[in-house]
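The whole structure should be built from the sequences, with the hints applied where relevant.
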Amino acid sequence: MLMSVGDLIADMQREDPGVSASVFSQDGQRVANTTLIDTLLDKDFQLIVNDDVYDVKSPERACVSGEHAAGLEDVKHIVHLLHTAIHQPEHHLLKERQLLEQLDNLKQQLSPMEKIKAQLSRTAESHSSRALWVGVALLSVQGGALAWLTWWVYSWDVMEPVTYFITYATSMGAFAYYVLTKTDYVYPEAKDRQFLQYFHKAAAKKNFNVAKYNELKDELAQ
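Numbering (the UniProt record's numbering), first residue to last: 1 to 222.
Cut-off 20 Å, straight-line C-alpha distance, at most; resulting in silico cross-link-like pairs (EDC-like, lysine to aspartate or glutamate): (1) K201 to E189; (2) K217 to D104; (3) K95 to E219; (4) K115 to D218; (5) K43 to D7; (6) K43 to D55; (7) K115 to E215; (8) K191 to E125; (9) K212 to E114; (10) K107 to E219; (11) K182 to D192; (12) K107 to D218.
To be clear, the hints were calculated from the coordinates, so they are not data collected in a lab.
What follows is the structure, given as structure tokens:
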């Protein structure tokens, strides 16, 4: 079934409801919606889309007669491509403007949070490093105390069982760490875990929303 001018305009408005289209002849007379596309293509005409006027030249009659008459349905597709080509740059510019506004909004929200996060990270790093040095100091004191008890107070025969139970208690502590955290007691991972504990504790005091910060960072990365 051949298309009419009304069908063509209806198809364009289905593609973009904001489109206002009409067809005029070269002498300025409006073409009726019931006019068939086959008849319309006999002469040059003007296609007015919103405020833009497009002069359409009539193709050679040989192209629209005979076996080619059945191909007039493709006019709908051609006009759709024309409409897309006209409005695609505007769509891209609008989309780019929206993305830039969204990006600027995300940066504005993240800027104060980044400053607070950097401060919290420095504090957590300081506390976790201090905890490591405290551990080194305690091990040094323990080694010195065992040496003093072994060589100056008691003998090795007396201190050997003590050192055995200290070693056994250390192994139990490492196993308990694994049970509680489901990770091996590896110094870098233990330090990172300590860092996160200090960080989240300080974030709670500062009312720093870690989940919101991570969400904004994910949106910015996208």
